[in-house]
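Asks: If you want the building blocks of each chain, they are given just below.
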Amino acid sequence: MNKISRLSSVLTKVNTANGLPNEHYVDPDTFIEEKHTVLFANWSGIGFGKDIPEVGDAKPVDFLGMPLLLVRDRDGEIGVFQNTCRHRGMILVSKPQKIRGAIRCPYHSWCYSLKGELRATPHVGGPGQNKHDDVNLSDLSLVRIRSFVWRDVIFVNVDGSAGAFEEVHCELMERWKEFDVPIFHGGETSGFKLDVKSNWKLAVENYCESYHLPWVHPGLNSYSRLEDHYNIEVRDQYSGQGTLVYRQLTDHDGETLPDFAGLSDKWEEGAEYIAVYPNVLLGVQRDHSFAIVLEPVNQENTVEHIELYYATSEKDTPEYDGLRASNAQQWKTVFEEDVFVVEGMQKGRHGELFDGGRFSPVMDGPTHNFHHWVATQIEIGRTG
Amino acid sequence: MNRDELNRALLGAHAREEQIELVRLYTLAAEERERARDTDAACFYLTHAFVFALECGAPEAIELNQRLADLGRIHRLAF
Ligand code: FES
Ligand SMILES: [Fe+2]
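These protein sequences, in sequence, are chains Y and U. Going letter by letter, the first sequence gives residues 1 to 384 in the numbering used here. Going letter by letter, the second sequence gives residues 1 to 79 in the numbering used here.
Bound-form chain Y, shown alone (with noise of 0.2 Å):
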């Protein structure tokens, strides 16, 4: 079969293209593929910040096969770093844990600063020598991955290909440059994730569309009628959808949550779902935002990570625990109501004589787009 040909069906305007073929979802040759055309040549998600809020912790991350370490130094920056020792290879912090000094390797016991610096080498040289003339520790730093943080989203470019973060997202971070305030993480009701049996892309397409709102969330429907809602997409950049409805959550003594500070007027009942390509997707309102990092396991099968961010802190407004809890719980019914789609297009494209699919010229701007963005990341990879 040649794949350069089907690819060429995605790559035109949606209202003739198909989306991306089966083994883009069941083949784990194209999985392979597309780990590195598409998740290590660009910009992914694999943490949150939250995760490592103090200085000196740190936390490893499986992502792809590839073990990295996410650390907080002690200038409060988050780094990440190949989890790997440069003596022998050796997992250097094989759980989360707070690094006191330095981050010493469990065989020999080389030890590694919170930037990644090469401290120590004991024994080096010999019992009791520490240094040797052709063991420079200078070039024995580990190996660090290019990160950037955004809305407490960790980004990561595993090969280096990238633009610069601020490049490439220019658009979007302008776009939402009004929600350019501190965020604070709700807690521990605030985050939850989702085992789904299917490919990473079927939840980035399914968070895209508007046009299964009214079908698969009933719930929605009465505040949220598919006529209020907009398509967003950018060729090449980012898609999503918008709403021109958000309706606060309230409590029983019509309470709501704080409004993060300054924003204009769109946002009193405007509210955006994007999805920052390739695997994060991102929702803003007034009183809350939410990030979720998809983390593809396999062609078959993708843990969703969701987390809630408010204007406020939970240590300082334990008033708003109600709220809080109920507005994840909210969101949580919304994403499980999620998971038979994406699950079902997951088996769906174990029909051998299925097409890619026909798109509404209409509705599936946003989809498409993701599609001719992915298309376009592999193209690029096999033409090098």
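Hints are computed from structural coordinates only; laboratory data are not their basis. For glycine and all other residues, C-beta sits at the position ideal for the given N, C-alpha and C. Treat the hints loosely; a few may be bogus.
Simulated restraints on C-beta separations [claimed, not checked]:
hint: 1; chain 1: U; residue 1: ILE20; chain 2: Y; residue 2: THR250; range: 50 to 56 Å
hint: 2; chain 1: Y; residue 1: THR317; chain 2: U; residue 2: ALA78; range: 27 to 33 Å
hint: 3; chain 1: Y; residue 1: VAL216; chain 2: U; residue 2: ARG16; range: 21 to 27 Å
hint: 4; chain 1: U; residue 1: GLN66; chain 2: Y; residue 2: LYS115; range: 18 to 24 Å
hint: 5; chain 1: Y; residue 1: GLY89; chain 2: U; residue 2: THR39; range: 30 to 36 Å
hint: 6; chain 1: Y; residue 1: ARG144; chain 2: U; residue 2: GLN66; range: 46 to 52 Å
hint: 7; chain 1: Y; residue 1: ARG144; chain 2: U; residue 2: ALA36; range: 31 to 37 Å
hint: 8; chain 1: Y; residue 1: GLY163; chain 2: U; residue 2: LEU71; range: 31 to 37 Å
hint: 9; chain 1: U; residue 1: GLU5; chain 2: Y; residue 2: GLY65; range: 32 to 38 Å
Place chain U with the ligands on chain Y using the hints.
Replies: Here is chain U with the ligands on its own, set in the frame of chain Y:
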């Protein structure tokens, strides 16, 4: 503490992953070897004391690094 007691204490501290105690005990072991004018063995133990001090961010790391550097056994580190 004789050498057997020290060895037992070291094994216990390793088992309990008590880094500060490891720093203290390895320093004692080094000093015992220094008194016996066995510099290589002393540096071996000083190295261990230093590594555990460095790992847990104990202030002793600075002095231990200095002691090893004075003996030509390690690069001076900036702390
Ligand atoms: S493998 Fe890490 S110190 Fe040897
Ligand atoms: Fe949905």
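Asks: If a hint holds in the structure, say so; if it doesn't, say that too.
Replies: Structure-based check of each hint:
| no. | hint | verdict |
| --- | --- | --- |
| 1 | U:ILE20 with Y:THR250: 50 to 56 Å | holds, 53 Å |
| 2 | Y:THR317 with U:ALA78: 27 to 33 Å | violated, 43 Å |
| 3 | Y:VAL216 with U:ARG16: 21 to 27 Å | violated, 54 Å |
| 4 | U:GLN66 with Y:LYS115: 18 to 24 Å | holds, 22 Å |
| 5 | Y:GLY89 with U:THR39: 30 to 36 Å | holds, 33 Å |
| 6 | Y:ARG144 with U:GLN66: 46 to 52 Å | violated, 29 Å |
| 7 | Y:ARG144 with U:ALA36: 31 to 37 Å | violated, 44 Å |
| 8 | Y:GLY163 with U:LEU71: 31 to 37 Å | violated, 50 Å |
| 9 | U:GLU5 with Y:GLY65: 32 to 38 Å | violated, 48 Å |
The structure is inconsistent with the numbered hints 2, 3, 6, 7, 8 and 9, although it conforms to all the rest.
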